[in-house]
Amino acid sequence: MQQQFSAHLQALTTIALALDGDEAMSLFKFLPKEEQKLIKPRAEKFLALSENDRRAASSIGLKALRSEFLLRQITDVHPSHIALVLSNESAPIIRVIFHHLPTELVNEVSQHLTERTTHKLITYPEAPQIVPELLEVVKDAFIRQFTFILPGENPLTRFTTARLRVLLKEMSLQTIAVAMRRISRDELVASLQRFPRVFSKEVVRRLKLLRDIDTNHVLLAEKSLVWLTTQQLRNFSITEDSGLMLLAGGLLNESETLQKFITQKFSIEESGRFYDLLGRLRQADPALVAFAKDQVRQAITAILQARQPLIPNSPKTEAPVASAK
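Our numbering applies: residue 186 is where the sequence shown begins, and numbers increase by one.
Bear in mind the hints are in silico, worked out from the structure with no lab data behind them.
Virtual Cβ for every residue (Gly too), placed ideally from N, Cα, C.
Keep in mind that the hints are not guaranteed to be accurate.
As the list claims (entries may be wrong) - Taking lysine to aspartate or glutamate and the DMTMM-like style, the derived pairs with C-alpha atoms no more than 25 Å apart in a straight line are:
| no. | residue 1 | residue 2 |
| --- | --- | --- |
| 1 | K445 | E338 |
| 2 | K386 | D397 |
| 3 | K450 | E439 |
| 4 | K450 | E338 |
| 5 | K450 | D461 |
Stated by the list, open to error - Computed spacing ranges between beta-carbons, pair by pair:
| no. | residue 1 | residue 2 | range |
| --- | --- | --- | --- |
| 6 | I453 | R227 | 40 to 50 Å |
| 7 | H304 | P471 | 43 to 53 Å |
| 8 | R482 | K222 | 45 to 55 Å |
| 9 | K230 | P336 | 34 to 44 Å |
| 10 | V322 | N401 | 49 to 59 Å |
| 11 | T400 | P340 | 21 to 31 Å |
Turn these sequences into a full structure, and let the hints guide you.
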């Protein structure tokens, strides 16, 4: 069976030839024989070019590698955002983009396309053949609609969509549990009945672990949930929106680039709610924003250390608690 010229071989060949030129041939000798056979004709074709043509070919090759790298990262962008970007494109352009995305992602994006766009694609079932230079222009224009950043100081830059979901859930659970620390048993039972059973059981588990906790921390948790409830958000859900509110508070003073990088991992609806909450928090009590930042920090630390539940680190005055037995 003939071996395919894989993505890693393409990357190796392009970078080696771009950086080392004629010297690259000696580097290829360290590769397995099968891979040498695949690389050799491509390398010889490149080395036969004039210096100007080599520079042009290297530029095209490196741009192609960049776009392929970013296209692989786009799997962490929510399909609804991709569908929105593609909605105003022609069927041939959409087919070209789909051709370079994983099949599973294409299927997910397709579920978010409008009926009009879906109809366009039915009449144009295959991706057209286009020259490499134009292909790179199309891919680059598509990629530029999204935000990609390298992992940095902020640990959220390294969080996948799945981890962000865990972060939201953890902050929601912990804040609701802390806020219920002072209510009576009857109030607790009544409140828990409003939540999904699994969520309620986890809140109770966390309540039992909240032995010593700063009263001010409890008051801030209560105040945060009261503030959120009074915002009268459309289709409000305290179990979902509390985590989103805390994340918005935690990112309030961060760069717009980081905010967009994070929110493109959520659905368009969730992203809209995030930015809505972000705007409202700018007018809120600074103590709520400080509380949100602290919750994000603690939740990130707990997730990275695989330590649960998220218990505040500095116990002070013990707050009264309702029995959760």
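So, going through the hints one by one against the coordinates:
Using a Cα cut-off of 25 Å, the hinted pair K445 and E338 holds, with the two alpha carbons roughly 17 Å apart. Pair hint K386 plus D397 holds up; C-alpha atoms about 21 Å apart against a cutoff of 25 Å. Taking the CA atoms of K450 and E439, the gap is about 17 Å. The hint holds against a cut of 25 Å. The straight-line distance between the Cα atoms of K450 and E338 is roughly 19 Å, inside the 25 Å bound, and the hint therefore holds.
This hinted pair checks out: K450 and D461 have alpha carbons roughly 17 Å apart, not beyond 25 Å. Taken as a hint, the range 40 to 50 Å holds for the pair I453 and R227, whose Cβ atoms sit roughly 42 Å apart. Judged by the Cβ atoms, the range 43 to 53 Å given for H304 and P471 holds: they are separated by roughly 51 Å. In this structure, R482 and K222 meet the distance hint of 45 to 55 Å, their C-beta atoms being roughly 53 Å apart.
Roughly 36 Å separates the CB atoms of K230 and P336, a value that falls within the hinted 34 to 44 Å. Against the hinted window of 49 to 59 Å, the Cβ-Cβ separation of V322 and N401 comes to about 57 Å, which satisfies the hint. At roughly 29 Å, the beta-carbon separation of T400 and P340 lies within the given 21 to 31 Å, and the hint holds.
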